[in-house]
Structure formats: C-alpha cells, structure tokens
Amino acid sequence: MHNFDFVKPSSVADAVRAMSAEGAQALSGGQTLLPTMKQRLAAPAVLVSLTGIADTRGVCLDNGALSVGGATTHAVVASEARRYYPALADLAGGIGDPAVRSRGTIGGSLANNDPSACYPAAVLASGATILTDRRRIAADDFFQGMFSTALHDGEIITGVLFPIPEKAAYVKFNQPASRFALTGVFVAKYGSGVRVAVTGASTDGVFRWTEAERALSASFTPAAIAGLSLPSDGMIADLHGSAAYRANLAKVLTGRGVASAH
Amino acid sequence: MPKDGGIGASTVRREDIRFLTGKGRYTADINLRGQAYACFLRSEVAHGRINKIDTAEARAMPGVLAVMTGADFAAMGGNPAGWHIPSRNGDAMKEPKRPVLAHGKVRHVGDAYAVVVAETLEQARDAAGAVVADITELPAVVDMAQAVANPDLRVHDEIANNVCFDWGWIEDNRAAVDAAFKAAPHVTTLELVNNRLVPNAMEPRASIGDYDPGTGDYKLYTTSQNPHLSRLLIAAFVMGIPENKLTVIAPDVGGGFGSKIYHYGEEAAVLAASKALNRPVKWVADRSESFLSDAHGRDHVTRIELATDLEGNFLALRTETLANVGAYLSNFSTATPTFLHGTLMAGPYRTPLVYVNVKAVFTNTAPVDAYRGAGRPEATFSIERVVDKMCRELKLDPVAVRRKNLIQPDQYPYTTPVGLVYDTGNYPATLDKLIEIADFSGFEARRAESAKRGKLRGLGLSTWIEACGIAPSNLVGVLGARVGLYDAATVRVNATGNISVMTGAHSHGQGHETVFAQIVSDKLGIPASSIDIVHGDTSKIPFGMGSYGSRSLAVGGTAMVKAVDKIIAKGKKIAAHMLEAAEGDIVFEDGKFSVTGTDKAKTFGEIAFSAYVPHNYPLETLEPGLEETAFYDPANFTYPAGAYACEVEVDAETGRVEIASFACADDFGNVMNPMIVNGQVHGGVAQGIGQALLEAAAYDDNGQLLTGSYMDYAMPRADDLPMFTVDHSCNTPCTHNPLGVKGCGEAGAIGSPPAVVNAVIDALHRGGHTHVTHIDMPLTPSRVWSAIQN
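Chains as they are written, first to last, in the numbering used here: chain A, 1 to 262; chain B, 1001 to 1790.
Some hints here could point you the wrong way.
To be verified - Taking lysine-lysine pairs in the DSBU-like style, the calculated list, with each CA pair at most 35 Å apart, reads:
1. A:Lys167 <-> B:Lys1452
2. B:Lys1245 <-> B:Lys1566
3. B:Lys1600 <-> B:Lys1573
4. A:Lys38 <-> B:Lys1573
5. A:Lys38 <-> B:Lys1600
6. A:Lys189 <-> B:Lys1455
7. A:Lys38 <-> B:Lys1023
8. A:Lys189 <-> B:Lys1452
To be verified - Computed footprint of chain A on chain B, listed as stretches where at least three residues anywhere in the stretch have a Cβ under 8 Å from a Cβ of chain A:
9. 1008-1020
10. 1275-1285
11. 1712-1722
Unchecked claim - Which chain A residues face chain B? A few, computed with CB under 10 Å, are given here:
12. Phe6
13. Lys8
14. Ser10
15. Ser242
16. Leu253
For the record, the hints were derived by calculation from the structure and aren't laboratory data.
Every residue, glycine too, gets a C-beta built ideally from N, C-alpha and C.
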C-alpha cells in the first residue's frame, strides 16, 4: 500500500468538498478498494471516508418505500430490513462473510457495480431509486455495464429507495471460490408487474430479463417461464462456467426465485 | 485401556494452547535486531530471455541496501533433485540446473530473477518497482502433450521434447502384461486428469538469513518441514557453506502438506544477502507469491487400462502417464510420480500383472512436487476409477468386485508385481466395517428421499492402500534416492528427572509435541507434563529427515522408542549397582526399577539423579549421565489401508454436488492418540474433497496462472463438508516397528477423491444420465452440468 491522506467528513456537503481534491477517492466499507490498494493496484492520494456521516446510515420507511442509507452495512440491512423487505435482507445476509458484512456498504457495492455483486440485482429488480448528493437516479438508468455507473466523478451515493414488493426472492448460485454470485437472480412481484434482474451472468453486468418479466406478470409461477430460454450470447465465460451454463443458471434460478418468493 | 495420558489416550493437543492464543512463534513473528527486508522480483511471463536487468534506479532509491540478480548467484550450485530416475532405455534423467535466481531465462510466471533488500519492506517494494527488466517473451510450453510432441518448444534449450525421463515399471514385466491384455475377455480404458493443486498452507513461506561476521556462522530461520535436509542442500549443493557453519531453524510452521519439504532459492538468497550486508535479511511471502512459487501438487494425465474376465477378476493393469514437473526439478519431483506412484499401482488387489509408464515433462509452470499423499492419491484415483468403470461396463456390483479381488488376510507378506512387499493388513475387514458404518443397506431409502426433493443421490466407494514410513535407505538407494531416509531422536534425562526429547521429525500442525510425549510417558512412567519435545532446530536435534510421507511416527517415533529403550537399559545398570543386584534381575515398570521378586526398588528420578550426581555409581564400567540417541532406518515401508464411502446429492439442473456423507474405515496399525488420528483423517478427507470438487490450478495457454488468488482458487470450507464418520477399529499392527504403527497423515487425501467421483457418476447413472462415464476433477457445477447436457 502506498501512502495516502485520510479524511472522515461528518456531513455530505463536507464529503463532496473533500472529493474535489486532486486524487480523491471515496471510501465506504473498503471491501474492494482496500485489497486493491494493498496490492498496489490503486494509489489514491486522499481517501474520503463516507462512514462518518450519520444521515447516510440506517434503514427506515419513507412514504411506503424502504430507505437505506448509502453507508449502511450489509449486516445492518440483513437485520433491520427484514421486517420490511425480507428478500432484500436475505440478499444482504448472503454477501461475503460476517467480517465483510460488518464493513461493506450498499453504496460502495452499487458505486463499484461489480458484475458479480448481489446488490445491483435487488436494486434493478425493485426499480429502486439511487439518491446522490445532487440528484435521484432510477435503477434502470444507473447500471451502465461492468464496473460502470451513471455516477459522475466525485458524486456520492447517499441512499437507495426501494419500493416494497408484494413478494420477492433472491436466489444466488455461488462461484465456488469467491462466493460472489456465479449467477444471482432477484425476482420481485409488484402490483404493476414482475421485475427480474440477473447478476453475475452478463458481460454487461446486471440486466433485466424482460421476457421472463412479461411471462411472470401474466402468471407468477415457475411454469410460466418453462418454455423460455436466455441466449448465451454476451454471457460471461470463465473457469467457473461457460456462457451456456450461466444462461441455464439464470433460468433455473428465476424459476426457483418464483417458487420461493415471500 | 490406555494409561492415563499414555499410548492410546485422546490427550488434548498441548501445542494448541499457544497456537490458539496467538503465542505461536512462526518465522514471520521473529524479528532480529537490525534486520533488513527482501522483496523478490518475479517473472510476469511464463518463458522469456533475460536481456538486461537495470538496477541502477532501484539502487538509488531511499533505504535500498542491495539489489541482487541471477548473475550474482550464477557461480553457486543448483538446487538438486533428490532422486535419480533413469529412463527405461537406460538414459540418465535430464537435470537442468535450478539456480537460486533465474539467470539467462525465466521459465515460469513467478520465477524469481532479482531481489531487492531495503531498510523497510515498503522501501524494498518501491525499489522493486524501479528495477527495469528487459525480458523477451518466448513461446510458453504449458500443455504436456504439446510439450512432448513439439520439438521446437523447449523449456530448457538442451532438452528436446521436454522429457525428464521415460520410466517403465517394471520393464521386464511389460511383455507379459501386453500379452495378458491381448488375451483378456474384457478391457476397460479410461483417460483421466489428476488435477494440479496449490498446497495453500495457512502460513506462507518465510525465511530470515542471519550471518554472524564474528564467527562466520550462518543461521536460517525458515518455514521447513525438514530443516536438516535444507541445511544439507544449502551447504553441500547450493552455497558451499561448511555444514557446521549453518544452522537451520524451522520454528512453529503453519502447515506444509509437502510444499515446505523442499529447499527454495529464497532461502539461499536471504543467506547470501545477509552475508553481503552483515545484517539479518527477512522475507515473508505474500499469498500471491505462494500461489506462483510454492511447489504445486499432482498434475498427471493418465491413460489406464484394466484387463478382466467377464466376472470382474483382475487379470492385468497398464498405465501411461504424463507427469508435469513444471519448469525445474523440485527436490522430490522425480520420486513422486514414480516410486510413490508406480509402485502403488497394485493397490490392495491381487492383480497379477501390472506395468506402469511415466514420462516426466518440463513445462513453463511452477515446479510440481509431493503434496499430501504424493503419487499415492494419483495411483489410487486411477485404479479406483477404472475399477468402477469396469463394474459399470460389465454390470457388476462394485462392492463384490472389490471384495473378490482384494488381497486376503492369509496372504501376507504379499509381494506385488510392482516391487513392494505388504507386511500385513486385512482389507476385507475394513470393507466390511465401511459397509456397516456407512449404512449401505439404508442407501436405497436415502436415495428415494433425495429423489423426492429433486436430487440425484449416488454412493461411491474406494478401497485403497498407501506406502508410508518412507523408507528403507538401502532399498530407496537402489531405486535412485540420493538421501537416506532414517530418522533420529535423542532422549535427554535431566538430573531432576524431567526429559527433553530431541526429534528429527518436524511438527507443522500434526501434534507431535503431544503424541511423542504420550509415548515417552507411557514407556518411562513419567508424567507427560515432565517431557518436552524439541524439534526444528539443527543445532539442537540429531540429523533427521523431517516430516512427510506419514513417516514421523513410524520412523521418527521408532527412533525415539529405541532411544528410550537405551535409557531404560542404562537405568537398569545403574539400578543394579544401587540395589546391589544382578542387572538381569532388574525389572522396569511404571517408572520404577526393582529387583524382581523383592520390594527393593529405585524410582526413575532416583536413577536419573544418580546418573548426574554419581556418588554411588558404577563409574568404572559406566559413563555418568543419562542421555541416549538412536537412529532408526526402517526395514520396510508401512502400508496403511482402508475403505472409504461417499454419498452425494447432485442437483441436475445446476450440476451442483453436495457431499451428503463420508465414511472412512482405516487400518493405521496401532493408534497412539485417536483424537489426533481422527483430526488427521478429517483434514485429509477435506483436502481430498477439495481436489475432487473444488480445487484446480489452471494456467492459460500463455502460462499465466488463472487461479492466482482465492477469488478463483476454491479451497474447501467447513460448509462444503459433511460430518465425517471415521473408524479405525480394524487395525493390523505393523510387523516391523516396535509401536506397530503405520501412519495416518495422508490417508484421507489418498482414499477420498475416487470415492467422491465414483459417487457422482453413480448418482448420474441412477438418474438416467448413463452416457456420463467420467468427469475430470474438480467436479465443479459447470462441469457436471455440461457432462449431463452432452
């Protein structure tokens, strides 16, 4: 690790100011950034910690939607979101291990947009809104491909608003080594229809399986997607699974998500 | 019943208190006054010509004390191979020099070509980034079949076709084996890969070189499983230091699994740097370096054929194997695929004719050497897979076929067609025990229950044998070993009656401090708490060969017992004098020397005191003191054996395999500490399941390691594993060592992979996927699903 300066602002405004410094890098839970720095693959001049801002931590209801602060850890979501949005709590409780969940945050996960991360699936399937220091971004506009988002330089995620579905489930199939999602599917049933988001599978990062959404909006049963299949074009192929395997997993997990939605 | 705390008691491991409370003292915990820090530069290409290494900028960086390259070590000797394996045509094996640091060429990703030494680790790393290496990348040789076939691809310029040796075992039997195959009613053929593994000891390698300019003495603290071997190699072969001027200390070592048997170039580099700088020089590998530079394990590609009659009686067995040795010969790399593999190809069976061919192949990958089991898992996997395939082809019961081909209890000593003499065993007994503890009769009900949940359940079996306690020096010398394989112990009784035992074996997690103390306690009637076990420091212990090959107890433990016997014999002489009796009338029991038939006795403590304060002592015939050393060279290998069963559930939609249960019926001979034996089996089976389902070191075509971190290299975790059922009640004591022990450290890793794979194939067949005859390890979800689809 190279030397760096460290600041820990206590307000969003101070954080935004700190982020304007040359070589500034936002630090939330650090579960991706710190290992990268330790390997000397990143060398930010200033780390701006976002975990000292009280307004960006915690879980509460906001006009019927679930509001999760950007610096809320996975462990807090796993426990405190359960009574409002159990599928989201399930997802958070399945990320990494207890040490990771006690440090990693939802804002950090979304800003990084790892193609195998879990949270993007929940945010996209829920049609959630990402709140930043300067604007509100719809989930459908936020994710822009592997490790790429709509965030501008220095823009800070302050929270996420999740509409609460009637039923939902997240089904994750672990990559055996990292236990990131080899493929993960989040299925959410709203009065307005069903949304299905797939993570871990596509070279473009998280995506909606709209064909399944239409079929499930008509009939929220595993049988409704039995005749569908996902093309393997554009799916990730690596040591842990071929493109065809990931396409298969996306379908199998969608069916299982529908069956277990609660 | 075992004596309290003696042989056979499940004594809690005494060393765990320090390990679990952070009081262990590993090499990385040692900090010497004035130490500097080393950082190695490692090749980023698999194969390249070193044109120039410009160190000028790095030398000028803050805190930098030295930058050394391969040129600085070119005059030193190479790190040698410990076994010479001739080819079947009589040619000597090819032994390219393995330098301390790569010189002229780099030959695998991770091959170290320079070292920076600085005041701090950060300064060393910063300066390493300023070393400019001009390396021309050359085509990499990665695939073994291609390495052998393409004469233009060479890891070492002087070795055409990259073949180290082409070994036949036993060459004289080849014609008879081939004839048996021609005449056989049925031949089963299987091509399989024994996947390359990264050892992944919890503690990465680390070394501190400490040269004393006042005395000219070198001291090396290092993560070694056998410090005397490292000292010998460094002194006699690599650096030319007089052996008496080098001390090697392997303090607490956090696992090795084979990877820390060997001498590595970093050890010589820190010693040389320490001498050059007159300061201690410390290096601790990070995990990425471990992945790239620790000796890997396994990596065989094998074609195995089994000739049988139509009732499944084995008539002959024949194998052809390409064994990857990587870019350089690691110390035991030539023995592992030959004398620890080919000699085991009879397994526990009466196969009358066996022929084994192994070609060892250089590739532009990390060196490959012994890893827990070392050759024997490869042999067992090949045999047990082909036996299962044959049973399926001939529609025979895999239990019945194994049972009728097993060596029978009245056939010992049994000479195999591959050169070993099994001294004792009872393989049908462990198979019967397995069927009982794994509840074979309840399988169908469990399968039906799994089916209700949409899962395919399968049952897999393996009956296996290994050769441990490595081994008689005269025999292995004939076979090509360049070292002796005895071990040694010194038992020092102090004047006050407590005891220090210096053992040549080395504990890196096995629990020697506990078990060895139990044995000495049992033999001498002294509380184990009064006995210390000293290991790992060549300045304190007799010349031993360390720990590998499940040999510590069978060889090192026997040396210890022999030293204890000498203590007792001398004690009897002292007691006879003190008690004014004939030596022949003295009996030693429960810590007392007494005159038989009388109540006259001296305690062990009184005898010890007399030996050091010899006022009433037979000084004219007996030296004072009570300290004895014994060296023990075994008469034969030991032959642990057993039967393992695995039940799996396969999710056919995703290909995911879950281990539902795993049962082991082992014969380890006499058991010294059942709890520790269970733990050894648990750990071995965990590694075997890791190999079968999760672990694989994968290189791409350019020789880049794709699995260079835990993000891609899947280690088994607790929730990947079931509760194990372990039994060792069917023991047949080893006939040629006084403890009757065989060794248990590697068994789990040897017997388990074929049981797992056989179970998955069984599940798929029961589920109607009968086209799947084999899947190469690791049986990842993706591979299993793909096999089902095709």
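**Study point:** Residue hint Ser242 of chain A, partner chain B, criterion CB-CB below 10 Å
**Key:** Hint holds; Ser242 of chain A Cβ to chain B Cβ min 6 Å, cut 10 Å.
**Study point:** Pair hint Lys167 of chain A and Lys1452 of chain B, alpha-carbon separation not exceeding 35 Å
**Key:** Measuring from Cα to Cα gives roughly 26 Å; hence the hint holds.
Practice item. Given the hint that Lys189 of chain A pairs with Lys1455 of chain B, test it: the Cα-Cα distance must not exceed 35 Å. Key: Given pair Lys189 of chain A, Lys1455 of chain B holds - Cα atoms ~28 Å apart, limit 35 Å.
Point to revise | Agreement of Lys38 of chain A and Lys1573 of chain B with the hint, judged by alpha carbon distance not exceeding 35 Å | key: 65 Å, violated
Point to revise | 8 Å C-beta criterion, at least three residues: is the stretch 1712-1722 of chain B covered by chain A | key: holds (count 4)
**Study point:** Closest C-beta approach of Phe6 of chain A to chain B relative to 10 Å, hint status
**Key:** 17 Å, violated
Exercise for review: Given the hint that Lys189 of chain A pairs with Lys1452 of chain B, test it: the Cα-Cα distance must not exceed 35 Å.
Suggested key: 28 Å, holds
Review point. Is the shortest C-beta separation between Ser10 of chain A and chain B less than 10 Å?
Key: With a closest approach of 31 Å, the Ser10 of chain A hint is violated.
**Study point:** Proposed proximity, Lys1023 of chain B with Lys38 of chain A (alpha carbon, max 35 Å)
**Key:** 26 Å, holds
Review point. Hey, does the Leu253 of chain A contact hint survive, CB to chain B under 10 Å?
Key: Where the cut-off is 10 Å and the nearest Cβ of chain B is about 8 Å from Leu253 of chain A, the hint holds.
**Study point:** Satisfaction of hint between Lys1566 of chain B and Lys1245 of chain B, Cα-Cα up to 35 Å
**Key:** At roughly 31 Å apart (the allowed maximum being 35 Å), Lys1566 of chain B and Lys1245 of chain B satisfy the hint.
Exercise for review: Take the C-alpha atoms of Lys1600 of chain B and Lys1573 of chain B, compute the straight-line distance between them, and say whether it is at most 35 Å.
Suggested key: It holds: about 15 Å lies between the C-alpha atoms, which stays within 35 Å.
Violation of the numbered hints given earlier is confined to hints 4, 5, 9, 10, 12, 13 and 14; the remaining hints are satisfied by the structure.
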